[in-house]
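There are 2 protein chains.
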Amino acid sequence: MTALFALNLLDSGVQLSMLCAALGLVFAFILITVVIRASPGNERMRQISAAVQEGAKAYLNRQVITISSIAVVIFVLLLIFKDHGFHSGSATAIGFVIGAFCSLSAGYIGMRIAVIANVRTTQAATHTIAAALRMAFNGGAVTGLLVVGLALLAVSIFYVIAGHIVGHAAAVRSLVGLALGASLISVFARLGGGIYTKAADVGADLVGKIEQGFEEDDPRNPATIADNVGDNVGDCAGMAADVFETYAVSLIGAILVGTLTLASEPAAIVYPFVLGGISVLGAILGVLFVNVAKGRPANMLMGAVGMSALVSAILFWPATHYLFPAGVNVGGVVRSPTQLYFASVIGLVMTAVVVVITNYYTSMHYRPVQKIARASETGHATNIIAGLAVGQHATALPVGFIGIAILLSFHFAGLYGIAIAVMSMLSMAGIIISLDSFGPITDNAGGVAVMSNLPKEVRGVTDQLDAVGNTMKAVTKGYAIASAGLAALVLFGSYVEELRDHVTSRGEVFSFQFSLTEPKVIIGLFIGGLLPFIFTAFSMDAVGKAAGAVVREVRRQLQAKPGILTGQDTPEYGTCVDIVTKAALREMIVPALLPLIFVITVSIIKPLGPVVLGGLLVGTIVTGLFVAIAMTSSGGAWDNAKKFIEEGNLGGKGSFAHAAAITGDTVGDPYKDTAGPAINPMIKVVNIVAILIIPIFF
Amino acid sequence: MTALFALNLLDSGVQLSMLCAALGLVFAFILITVVIRASPGNERMRQISAAVQEGAKAYLNRQVITISSIAVVIFVLLLIFKDHGFHSGSATAIGFVIGAFCSLSAGYIGMRIAVIANVRTTQAATHTIAAALRMAFNGGAVTGLLVVGLALLAVSIFYVIAGHIVGHAAAVRSLVGLALGASLISVFARLGGGIYTKAADVGADLVGKIEQGFEEDDPRNPATIADNVGDNVGDCAGMAADVFETYAVSLIGAILVGTLTLASEPAAIVYPFVLGGISVLGAILGVLFVNVAKGRPANMLMGAVGMSALVSAILFWPATHYLFPAGVNVGGVVRSPTQLYFASVIGLVMTAVVVVITNYYTSMHYRPVQKIARASETGHATNIIAGLAVGQHATALPVGFIGIAILLSFHFAGLYGIAIAVMSMLSMAGIIISLDSFGPITDNAGGVAVMSNLPKEVRGVTDQLDAVGNTMKAVTKGYAIASAGLAALVLFGSYVEELRDHVTSRGEVFSFQFSLTEPKVIIGLFIGGLLPFIFTAFSMDAVGKAAGAVVREVRRQLQAKPGILTGQDTPEYGTCVDIVTKAALREMIVPALLPLIFVITVSIIKPLGPVVLGGLLVGTIVTGLFVAIAMTSSGGAWDNAKKFIEEGNLGGKGSFAHAAAITGDTVGDPYKDTAGPAINPMIKVVNIVAILIIPIFF
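One line per chain: the protein sequences are D and P, in this order.
Under the working numbering, the first residue of the first sequence is numbered 1, with each subsequent residue one higher.
Under the working numbering, the first residue of the second sequence is numbered 1, with each subsequent residue one higher.
Just chain D, with the same shape it has in the complex (with noise of 0.2 Å):
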């Protein structure tokens, strides 16, 4: 009786996460007839969004095909392997594959959404603010709802179906495929992208505005539409994987650690999804207040965020009591369901915390971003002093609060607690995405109104939006580093587990110590803390050679047709494209495959073996931490330093403050687009490869 009663409450639940995901996308289909149905303007605007739109399908489907090549190579292996331990049969294989799919198609989509969404917020921007900012942030509410709503129904139908065929435990086991998937697309995705948009972005700037002094998206300059393929190929593309990926690793951490540490209970397994669907009603309503609402941009959407976080705090609370009636034994010790309320409700406040803790430190309103443009006063290196300072700075609150979240939630429901709180941070990736996306949007918005020679007016309006766009891509940069450490943490936890259950189900007692006592963890904290400054060290090389190319190639044309700087020549928009398509990916090969080559090779190495490989999850999440938040952070707060100054501040545009900001600037790019936010799939893939290899080699 108990028995029908879990399995009828795991049915149900699981199925109205799926009702929540599908509403989620027919209102992102809802959304979209809206966007398509605007006006996109007139000739020429809609030929240069033909163009950016033609070079980031041109290289999403190049991408495509180089991922995919690597993909059916882990395919092949993870069939091989597939009698190896509990990865029961094929299934792992098959969700390795959806994983995959599902993570690239966020991806595309995001992107597929920007390029529409981009000239129709530039028109838009001809009539009023308020209908620009609504148009830019539809456009990216599609992408949110889109990426939201894939994940939670691909984990669920996935789970559903592979339950029906390979049984329950084999089924969340298999979802690990899954997850490998999806954030290894994404480390692909977002490496690919991140070295596209800034190899277009330092290279366009290098030669176009220091050599030639161009203004930015100079339709003179030969790679500036290769710059504006980059904020969608890199921002949206590459940002929607990430958080795909983020997404359904957390909710598989979720049911994994469920499943591990609380094994009789369905309603463990249950309740991250119900968390998930609940959320997409509370993006839902975010984006209609957007819709709705009236005042300063970034209040509107600070609004929908506050909206979106409230309505998931209120419907959390009967829905645990629902699932929980008299609490859950969670290591011995009964959790009452309000103590699993407070864990999922951390994850909304760390939310919170985080954007707050984000803005300050990347918004021109605040001291750090007004020290770096008055360092700029004293040229290039103070600036750039300032600027790496600021980013170390920035490090310190995110990871004190991340450190007070993980002891609260351990403290209510312990490891499952801390994955409580991180699915519920991360069932708020609906309406952070759609702040997210809202940015390149506008970026892009700006771009085709000064190539389609639109009134300065309009520039005005899309420059507008765009600042508030920069913080808000800063904000949320924040917001998936730190989930993506919670969540890394649920995977080493999940490690551990799989450990002691792989060693004690061959009938032997699980004696390994991760102690930091033990040299061996201690070696493990050193390789995994390394692969941090490497792959970001790898990752900042990449955008250097890339950009080099383009740098070649813009001087080669203007030189070949010296007729392009007075007008009178059309640049070859195409080969610059085509270069900077070529070279993001051959370069994103190298640093992608570091996690993978890691791991693998600890686990080879008979001296090394599980313990040294704990570290090394642990050693990696811990120092990709502060890397990432000290990079993101420090670019977001180069880029409005110098928007600090180019709004008239400390002697404004041309100045000598002027120039060693964009210095800054260009420095931050790399830190900001592509290293540092890379940072976050790589420490999941370093983990959920850990988990997957554990049957193979220990």
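Rather than coming from a laboratory, the hints here were simulated on the basis of the structure.
Among the hints, a few may not be true.
Claimed, not checked - With a straight-line cut-off of 27 Å between C-alpha atoms, the simulated DSS-like cross-links for lysine-lysine are:
hint : chain 1 : residue 1 : chain 2 : residue 2
1    : P       : K57       : P       : K545
2    : D       : K653      : P       : K545
3    : D       : K545      : D       : K582
4    : P       : K545      : D       : K371
5    : P       : K371      : D       : K582
6    : P       : K456      : D       : K545
7    : D       : K606      : D       : K209
8    : D       : K371      : P       : K582
9    : P       : K456      : P       : K294
10   : D       : K209      : P       : K545
11   : D       : K371      : D       : K653
12   : D       : K582      : D       : K456
We have chain D; now place chain P onto it with these hints.
The following block gives chain P in isolation, referenced to the frame of chain D:
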């Protein structure tokens, strides 16, 4: 009988090391005579040298007063808490005073010798490069031998006397007080000197080179004397205090581990003393080698290191076999003398490995520096990106080898093996500091040459030596941080053992778990991991603020006395010296107190406690190692990339690439000379304070 033999062995071994230390001191005094007897050049040279000397003395005197007042507070605190637990009586407090005094003295001596040697090196450079090399090297060797001799003598005399008064066990523990004194003062000296030297350097460059187009060391620049003072108080005094501290702490750490884990074996206590004593002999032979050999400067210096290491490696063998004829029981397993010997050789090999690796990443003859130089051709931003990436890449090999060293030395003799490897590595400090102090002496010698209007050829000679000195400085920084990381790990091991001792001495069961599966450990790793990030952020801010004060003063002087520019008026060098002195002493306080604040806060907050503190200690070591290596390597590489261009490559001086390279060099200044190296003593202070507070808080 055995006990008596053991006691004799203990005494005679320590006496032998005292003898070697005394020999080192005698040899240092001979070198002092040699240096002082050399000609100090003409009237003008002596005047400039006197001005630098006076500024350095004035700064150090005030630094001594500031630091002493903090030391008095801590001394009183140690006396107040003397009855808490094991730190028997006032011995710990007295040890603290001795450690603090010796650390200050080491810095003071290093500075005094350097300001005597600098003008004599200039004078020697008017004859031959070989004479100048020897003068600068002998000046550096005085510091090297004094530091090592002083450390060995201070620890052994204190240990012997305290042993007679409070007994062996209490004496060993009160050595922790000595370690605290040495480390804490060294943090202040490193930071104060580091802020001073780079604030003066950056300030002088910003307003002198960039605004006025002065050359380096132009006597019209009011900050130029302050800049030259900085080399002495930062690179000489700061470095001497730092390495004195690492040496003393490594020795004490090895004694502590020997006592805690091998309590019944007096030879285990004597062994680290003997290793230290033997290497003093090696250092003396190395110094003699430079004074008789002929060849390229870099080769002669490297030859001296090789010679010292070889002598130590040969003499360690009979010493080990004499002390441990039947091996020693470590953790229940008998380790042969050969195994212990191998552990000691690991330290020597690590020295060589770190020297070679750092040289690769920071010398202008290899790819990394040349990559930065080439990146300068596309501007300031690409120079910075390339330099940051090189620094991050440079962490991989040292950390990898540290991992191997830990694994091997632990394999040979457990935690004691690691302690021995560290002590053996530090025993090379005598010769290594000789190389390091060589750098600032030649740097100053060049300054004296320019300011005294000596012929260009003299500056040519000092410039050649300065380039060698730059690489040597970078190399010794790699050595300092690698050995500091290893020494800190030994201290962490001691922390756990002391904690165990403390808990079990109350009759309780030691139940603390430092497992990575424990959230408190993870939180500790996060808090500790944060420390190097914000410590360096505050340090860089401090340099920025102090440099700003210099810029304002220089601008004021040039405005008030326009005759300075034409050479009719003499600048007021003294006010610049005074301003930097005040700024450096004010700005060093906050970052220097951070490690204390972190450890004590975590200890006081009850839900955190000893397990979080354990995680904190390791977290600080892990991220500290990476941050320090990345910062010092980037800084060294930027510096030499500029030098590479100044040698006429890629457009040479005055080119666009050169301007970008100057930006990199300036960013690198606080990286490599303030923030990066100050991490070394910081990670040890954290660990030592943790050991000391166990009986107070837990």
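Hint check:
no. : hint            : verdict
1   : P/K57 / P/K545  : holds, 23 Å
2   : D/K653 / P/K545 : holds, 25 Å
3   : D/K545 / D/K582 : holds, 12 Å
4   : P/K545 / D/K371 : holds, 11 Å
5   : P/K371 / D/K582 : holds, 22 Å
6   : P/K456 / D/K545 : violated, 40 Å
7   : D/K606 / D/K209 : violated, 54 Å
8   : D/K371 / P/K582 : holds, 22 Å
9   : P/K456 / P/K294 : holds, 25 Å
10  : D/K209 / P/K545 : violated, 31 Å
11  : D/K371 / D/K653 : holds, 18 Å
12  : D/K582 / D/K456 : violated, 35 Å
Hints 6, 7, 10 and 12, counting from the list given before, are not met by this structure.
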